[in-house]
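**Q** The two chains are supplied separately, each in an independent frame; assemble them into the complex guided by the hints.
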Amino acid sequence: MEIKREPLDAPDDFRSRQLMARDMLRGDLEGEALERFVEQSIMTTTLEKAVSWSQGNSIYPMTFGLACCAIEMMSIVGARVDIARFGWEAFRASPRQADLLILSGRVSVKMAPVIRRIYDQMLEPKWAISMGACCSSMGVFNNYALVPSDKFMPIDVHVPGCPPRPEALMHGILRLRDKIHGHSPDGWRQRYDAVGTEEVLIGSDPDVDAINVFQPDDTGAAR
Amino acid sequence: MPDATGLELTAHELRDHNAESILGTDFGRGRAVLLAAPEHVIDVLSHLHGKGYTFLASLHGVDYYPEEPRLGVLYEMLDMHEVDRITVKVRVSIDDPRLPTATELFPGADFPEREVYDMFGVVFEGHPDLRRILMPEDFEGFPQRRDFPVGGEPVLFTFNEETSYGKYQ
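Those protein sequence lines, which keep their order, are chains H and S. Mapping the first sequence onto our numbering, position 39 (from 1) lands on 39, and the numbers just tick up by one. Mapping the second sequence onto our numbering, position 45 (from 1) lands on 45, and the numbers just tick up by one.
If you're looking for bench data, these hints aren't it; they were derived computationally from the structure. Check each hint, because a few of them may be wrong.
Think about it this way: if two alpha-carbon atoms lie no more than 25 angstroms apart in a straight line, the pair counts; the simulated DMTMM-like pairs of lysine to aspartate or glutamate are [to be verified]:
1) H/110 / S/129
2) H/110 / S/138
3) H/151 / S/140
4) H/151 / S/138
5) H/110 / S/115
6) H/110 / S/13
Chain S with its partners taken away, still in its complex shape (with noise of 0.2 angstroms):
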């Protein structure tokens, strides 16, 4: 991770080279985190690329509910040379969750992408393949969402059988 310091300057540093990329940082809790903006996130992602943050640890999704813009999507960047972790944030609202993809830069991104748009229902322009990836395909709604309703199916008992849903045939 690198210090406070370390991440304004990368920060300016890409501010240099795309003024709108990064909206703000935030430092703290063994964290160093970019907060990009959605359109210019893979402007920064090939930015730290090419700074030797290589490896895309993981890329995952949040539910911010109530705050807005709801949905966070997080890609844990790793330099395995300097052993340097950076996480750049991209927050998208929940009315239209789209982002450019990135596979082009890392092919990795592939499967944590679909799973974000299985759970969290972000739609990633450009993905070669965008399909759920854990949830059957014709499952509607997005599970991880925090207004997903947390209760399964009602349990189906002998004396209930006739009045529960779903019973088999």
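Isolated chain H, as found in the complex (with noise of 0.2 angstroms):
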């Protein structure tokens, strides 16, 4: 976001500031010097530059660990590396209230639809962050028990580490918030088909069935 400044006639004279103000309070500022007054108090954006501004700045991630690399997700809201510095400690209990899902450890084959099913009660905007080798790539635990979270969700970032300290996942956090705060192309949910996964409850609303709803043989993937 720009924004734009003008020097003032006296710009050091903090008293000649002070005086212009109370000036424009009391209505005498006048022409040229109100209009200058004026852009130098105010910033424009549009909506969707402030709009996602303040969506990077207060993520509530969902509480949510799978192994040990939640050990290092919970560090990060503690003194050392504080995300509360950027508005994301409200870990919340509910995907519904959530922004982010943390993937913090390895996915199992059975894990997965769990996950899938979460990630779609989340509402929009909504991101995730894959975090460490097993949950990207599977890492030490290659084998038939597990499944990289890119077949079943998108991942918006993925940290790499076994497990990644917590600086590494601030890093992952920041280019998050870098991603969210540059509105930087969507182009990954294209990729991914991932528009409109919303699990929609029957009677929601009138003219739309259920959608996405969990049903008791379902795989939890989106229809």
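**A** Below you can see the structure in the form of structure tokens.
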């Protein structure tokens, strides 16, 4: 976001700024002087940029740990690498309130539909971080039991490591923040055909039947 | 663990009870092993149970590929009073791996037998609820068999997502 600023006539003179502000409040400031005062006091941006700026600075991650990476994930809310600095500290216990799913650990074949369902229950806008080697490429557990997270849900940021240090996850989080702020192309969403996967319950909208609602013999994939 | 003589005496005792129940013994490396015949394994277990080995400490499967018969099921028995351990080993072929269930004698054998079924495909006849326990119920194959492929899913990168199978949607 660009902030347009022009120097005052006497830019270093704090007292003169104060007096000018007082004049403005009294209605004494007129014409060109008023215009310049207003230009210096406000900044302009697009609504989209303002929304993405606030979204990137108020992410609520989901309280969700899978394995040993979760221990590292927990430590990012601690004092050393404090994600509260970026407004990310409120871990939400419900996917309905969460914006971010951090897959912290290995995803087994049995767990994948569960995770997919949690992801579908989250409301747009939503993001996902795949943390650690197991979740991205199955790491040392590259066998029959695991499935990489790309196979069943769209991932925004992959954080490598086994497990990644909290600083590495922090780097991933900042990359995701940049992505949200910069409104980087949603190419991955089209690539994965990952738009409109929210779970809609029966009766919530009279025009719409239940969409993406888990059925007992369902694999949990979006329909 | 009984000493070598004690193991032989136990084997003789079991043979007196049922002549075909014990196929052999193996002593060493800190273990006393009775090799039991698959169809008489419950006989052996219940006899040992009567002798004081009342606790089934573990029930697990082994694949002895390429030896035949390939699959093995090991029952680790523990005598809590004498603090004595003995292993009952059963070998079954991979073509028709069937064993009688031990759940009536040891209710705790329920989950271990399901796990052996899940990982090695040994069917325990008479088991109350023989389903997969760790793998998904629609999983095909028995992953701990030695001829099960080791490799997992190929990793999906951006460059191979169009050609790799199993791409999301």
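**Q** With reference to the structure, classify each hint as holding or not holding.
**A** Hint-by-hint comparison with the structure:
no., hint, in the structure
1, H/110 / S/129, "19 angstroms, holds"
2, H/110 / S/138, "10 angstroms, holds"
3, H/151 / S/140, "19 angstroms, holds"
4, H/151 / S/138, "18 angstroms, holds"
5, H/110 / S/115, "15 angstroms, holds"
6, H/110 / S/13, "47 angstroms, violated"
Taken one by one, the earlier hints fail for this structure only at number 6.
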